[in-house]
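K.L.:
Line by line, the protein sequences give chains A and B.
Mapping the first sequence onto this note's numbering, position 248 (from 1) lands on 447, and the numbers just tick up by one.
Mapping the second sequence onto this note's numbering, position 138 (from 1) lands on 337, and the numbers just tick up by one.
By construction, these hints were calculated from the structure, which means they are not laboratory data.
Be aware that a few hints might be false.
Stated by the list, open to error - In silico SDA-like cross-links for lysine to any residue, where the CA-CA straight-line distance does not exceed 20 angstroms:
id : chain 1 : residue 1 : chain 2 : residue 2
1  : A       : LYS326    : B       : TYR414
2  : A       : LYS334    : B       : ILE523
3  : B       : LYS326    : A       : ARG259
4  : B       : LYS334    : A       : ASN384
As the list claims (entries may be wrong) - According to the in silico footprint, chain B covers these stretches of chain A (three or more CB under 8 angstroms from chain B):
id : region
5  : 223-230
6  : 497-511
Heads up, the beta-carbon is just placed ideally off N, CA and C, and yes, glycines get one too.
Protein chains: 2
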Amino acid sequence: MFDERELLKMINRAFEAEPFNGQPSELYEPLNYILALGGKRIRPVMLLMVTDMYCGNLRRALPAALGIELFHNFSLIHDDIMDDAPIRRGKPTVHEKWNPNTAILSGDAMLVKAYEQFLRLPEPILKPALAIFNKTALEVCEGQQLDMNFESRTEVSIEEYLEMIRLKTAVLIGAALYLGGLTANAPESDLRNLYEFGIQNGMAFQLRDDLLDTYGDEKVFGKKQYGDISANKKSFLYLKAYELSNHESRLKLEELFTSTDIGVNEKIEETLKIFNQAEVKKHTEAIIRQHHEAAKQYFNMLTVEPARKKVLLNYSELLAGRII
Amino acid sequence: MFDERELLKMINRAFEAEPFNGQPSELYEPLNYILALGGKRIRPVMLLMVTDMYCGNLRRALPAALGIELFHNFSLIHDDIMDDAPIRRGKPTVHEKWNPNTAILSGDAMLVKAYEQFLRLPEPILKPALAIFNKTALEVCEGQQLDMNFESRTEVSIEEYLEMIRLKTAVLIGAALYLGGLTANAPESDLRNLYEFGIQNGMAFQLRDDLLDTYGDEKVFGKKQYGDISANKKSFLYLKAYELSNHESRLKLEELFTSTDIGVNEKIEETLKIFNQAEVKKHTEAIIRQHHEAAKQYFNMLTVEPARKKVLLNYSELLAGRII
């Protein structure tokens with residue numbers, strides 16, 4: 200069986216073997232640029248791990264893996280415009296390096312290029328593969344719209360937040376695992392369980408990301424700490440703290456996350472006080488555990504011999520924390 | 200056989216029967232909004248006319264027709280952002296009525312919804328239909344990028360301009376005709392001729408649009424006259440006049456199309472002088488005739504009895520001028 204490193208290499212080699220060299224170059228250069236920023240290629244790696252787990256043919260599955268990664272990068276290009284983000288992976292975002300119009304249009308072309316990959320799949324699985332990909336693509340758009348809506352709303356319920364991250368983050372991981380199974384002709388019930396495992400994994404992954412932003416070790420986490428607080432992001436921690444706080448602390452939280460007069464250090468300090476008061480660390484760990492619990496159940500139902508399950512399990516635990 | 204009016208009604212009814220009512224509504228409302236702006240639905244009408252011409256099943260072809268129209272509207276939403284256009288069909292554009300972020304994301308969702316329609320096609324034609332749709336979608340992006348590039352360039356050759364309108368406008372009409380034949384199981388050679396007929400038709404259609412902007416009757420044309428001149432658009436007329444003018448007139452044209460100091464009436468008047476001097480009306484009519492000539496040749500090669508050809512021929516002549 201292939202490990203994470205080998206699969207990552209396989210994916211990057213496939214991209215490098217067919218760089219986007221269409222004309223006009225202004226349209227296609229941003230696609231090569233964003234792919235060259237690298238990253239862990241979590242979704243295609245997991246997709247191929249599943250194919251491998253079912254002893255499927257990785258060559259056969261590769262177009263789906265590349266398609267999913269192209270889609271993910273398309274969504275990054277457009278999300279970065281919408282979020283007005285200047286930097287991604289330490290480099291200028293596409294709309295910064297070029298301009299917003301080029302970023303819109305290159306993103307569109309990248310979405311079409313994702314579909315192009317799917318068209319390379321063998322005919323018998325073309326329709327089911329496109330069906331789940333299409334459904335997922337719409338859901339990711341819905342998640343992004345919800346995320347934007349939440350920015351301008353004062354009150355967002357925990358339930359709404361969880362639905363948003365399910366759509367924005369978890370379903371694409373679910374779809375990747377499903378597609379990995381589909382290309383390997385895994386049984387239908389396994390496909391459903393792979394999908395749900397991916398969803399639970401994705402939820403745990405995102406909630407852990409929220410947690411580590413505030414309570415993580417910067418060196419291990421790899422991102423700048425307190426980014427969500429600095430950006431006034433209504434993360435799970437914020438919403439849980441808001442839910443559990445008294446009237447006074449809620450007003451304070453609202454003030455901290457809307458005022459432009461408060462210095463960033465003071466803001467972080469004051470926010471942490473309220474987070475700690477509400478014990479949000481404990482509560483976030485608890486909900487992550489719930490998703491691990493659910494992930495475990497779906498994982499255990501997969502009809503694969505235990506020895507073949509290890510690679511995928513280890514990798515998903517690396518991302519989402521200890522599952523079993 | 201069905202006429203234009205009946206086919207238009209069929210298409211609009213199909214859209215009305217399944218309005219986009221997903222959540223969050225901010226994502227889907229713009230899709231209903233832009234479709235409700237109406238229009239002639241040229242591409243899906245022609246697609247269904249071809250299906251009908253080959254005695255094909257219109258129900259079977261309908262998803263392709265709707266998919267093509269959804270794609271066209273997606274491209275309008277994104278193009279309007281890029282062109283900073285405030286008005287479409289007398290109503291605010293999507294990014295004006297909502298905001299650019301919503302327009303980006305709703306456009307994305309509309310592109311995915313176009314693919315969703317294609318997935319409803321019968322399995323035997325799914326792959327070839329998606330193949331031409333995908334190729335065409337990329338080409339339309341390329342055409343839009345070229346169009347944007349031309350704005351900031353001083354010199355654009357006629358050849359480059361023709362390639363731009365082929366990509367931005369003509370290929371989608373070619374693809375629509377191809378798909379109409381594909382769903383009706385038309386012979387392979389007819390599919391190629393339908394595609395080329397559509398390309399030539401689309402070229403004539405766009406060049407005629409350029410011509411009528413300056414030399415058309417506003418009441419018949421339906422758009423405000425001199426729109427291209429006012430917007431400094433490097434239309435075929437501009438480029439042909441530039442090509443045929445002496446050094447002095449070229450400088451004058453460049454000045455007219457870049458200066459912000461010249462009043463719009465004076466600008467139109469001065470531009471018309473140079474256009475007339477270069478006889479661009481005659482030259483544009485000549486190139487339109489060339490495309491009619493080419494369209495006619497492809498049309499005549501279609502293996503359909505003459506009586507069944509009339510509806511499509513009349514309709515395309517309505518759009519692109521007299522072909523035969």
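K.L.:
If a hint holds in the structure, say so; if it doesn't, say that too.
P.N.:
Status of each hint after checking the structure:
no.	hint	result
1	A:LYS326 to B:TYR414	violated, 49 angstroms
2	A:LYS334 to B:ILE523	violated, 46 angstroms
3	B:LYS326 to A:ARG259	holds, 17 angstroms
4	B:LYS334 to A:ASN384	violated, 29 angstroms
5	223-230	holds (count 3)
6	497-511	violated (count 0)
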